[in-house]
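Q: Below are the chains, spelled out letter by letter.
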Amino acid sequence: MKDEARMNARSRRSGNRQSLFNIFWSNLKRDRLALFGVILLLFFVFVGVFAESLAPHGPRDRHYDAEGTIRRLEQPSWQYPFGTTDVGRDIFSQVILGTRTALTVGFLAALLVTLVGSVIGIIAGYFGGWIDTVLMRIVDFFYAIPFIPFVIVLSAILQPSMWNIILAVSLLSWRTVARIVRSQVLSIAQRPYIKAARVAGAGHLRIMARYILPNVIPLVLLEMAFMVNWAIMAEASVAFLGFGDPRVTSWGQILHINFVSGYSRLAWWWTAPPGLAIVLLLLSIFFVARSLEAVVDPRLRKR
Amino acid sequence: MSEGPLIRVEKLTKYYPVRRRLRRLFDREQHYVRAVDDISLEIERGEILGLAGESGSGKTTTGEIIVRLQEATSGVIVLDGHPLEADTRADRKRFRREVQMIFQDPYETLNPRFNVFETIAEPLRIHGVRHKSEIARRVTECLEIAELKPAASYLHRFPHELSGGQRQRVAIARGIVLEPKVLIADEPVSMLDVSIRADILNLLKRLRRRMGLTMIYVSHDLATIKYLCDRIAVMYLGKIVEIGPADEVIAHPQHPYTRVLVSSVPVADPDYVREEVSVDDAPPDQINLPEGCRFTPRCPFAQSDCSGCDHRLLERRPKQFSACIYAESELKPRSIP
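If you read the sequences in order, they're chains X and S.
Each residue of the first sequence is one higher than the one before, counting from 10 in the numbering used here.
Each residue of the second sequence is one higher than the one before, counting from 361 in the numbering used here.
Keep in mind that the hints were calculated from the coordinates and are not lab data.
C-beta atoms are modelled at their ideal positions from N, C-alpha and C, and glycine is treated no differently.
Hints should not be assumed to be uniformly reliable.
Computed from the model, here is a short list of chain X residues facing chain S with C-beta under 8 Å [what the hints assert, rightly or not]:
1) ALA198
2) ARG200
3) LYS204
4) ALA211
5) TYR220
This is chain X alone, in the form it adopts within the complex:
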């Protein structure tokens, strides 16, 4: 009886076999920054999902005052919380709609990247030999492509659109995930329980799906969080340089127009909100990722 109680207590304490979510959750209670990150991220997701209902105006609507003149470069007010642009557009609405773009690009690209990256990483690490060599040389090739010129060329060949940015980000960042997953798989594939599975008659697909994948999923999740950040940053840079989709409002694009208009030094209310939004979103995801990292690597867990 006593033994059983002790056994149960031990199994409750021995963290790394618990569900990832539970560990993450108990981590949140102790790690204030992670909690802050989660709350902030949830806020951004909320804004992103309901962007259209939350934004008081259309992003391209021009606003006029009672006399019929354009409300150019107005300072923040109750009516226009973040002020207006040089052609009388509401910055607050633009920033809210930009949230959706940032999140869409971030999560879709990260999903695509981790999917492709982990499939290739698992195949390379599991089979080894020439398959590994070929796949890793392809990875090396993609490491050699500089990002910004690649996006510029890609948007010149294709249409400049949000989807092409997602494509470009994915094309150039699956390599990192593939490499990290491969190195993890290399060590897992040598474990005796993989041999035991082969002796039992398990095929390659079964071993990869049932034995290897579950053991790399925590790592993949963590990598995905970092990839979301990277994709958002990449989208913002590309849009800021003016290679974004002109029809889709994004934070980078707001900054681009702000810069091109020449008012970036005068109109702080135009520069600051999209800039701060980018920083805050990246920070929130970073804090969440950091906490995930502690879940994946028990050595980082606070005692």
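Since chain X is already given, all that's left is putting chain S on it; use the hints.
A: Chain S alone, transformed into the frame defined by chain X:
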């Protein structure tokens, strides 16, 4: 079921190519580690054969080739009168039911993400057993054979909640759930506490009686081999140097290497005086092997004729074969120059 030995291994070799280093760039010759070099064995039905030898002797490789975790470089393995090369895909699947393996490290042999039930049910599922009640019945049955009772209290535990001995029992239950004919045990007790070793060895003995299992027990530990096995094959650098009935080989070792091994086994009797055969313990070079007998550089009895040794196994005592070109009585300690 055909007559004759259950497993016949003929001229089995396994060479691993050695990666060339820069300084070998101009060396045209490809070097190999001859992990298993032309060995032949027969194992009778219901027999337990011990494969002994130090690390690097090729004993684990031999076991893994027989269970088909590795491909042999050349050689023939005949299981129950059926040569394995002729296999189709379906044959391979059937082979997996017939030959199972237990591994050394009880902490790494179980998938940390499977609980006991899933671990043992997995081979059944792979081989197409679909009925839940059938799976549950066989898993419980095997746990009880492996002496994890009551089985129900173990089903939902994860490997990290079990002790080393319990894990090895789960691994054994997994090994027998497909009702194999052959079980290959690779150092199954070497990482367990001494106090549990005997229990596991007794369990293996009972398994043979109960299921008619034929076993290959791979170990460096002559004491456990003597306890469990009917016959011993002693391996040294990829060659079988001696093979024969376990008790005979340990009581009357014929090959100098076996004598060294036997003399290194501790005896729990402080007054016991025995022949001491010393050997210089420099690790053997596995790539540049000496001509003839591979034990020559370390052998206390080596003569100049040893370089002409062809590794043929000679019957020195009834059913006991040694690859040494000298009979035991002819062995004289090397004169110190």
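Q: Are the hints correct? Go through all of them and say.
A: Hint check results:
no. : hint   : in the structure
1   : ALA198 : 12 Å, violated
2   : ARG200 : 5 Å, holds
3   : LYS204 : 6 Å, holds
4   : ALA211 : 5 Å, holds
5   : TYR220 : 6 Å, holds
Checked against the numbered hints above, the structure breaks only hint 1 and satisfies the rest.
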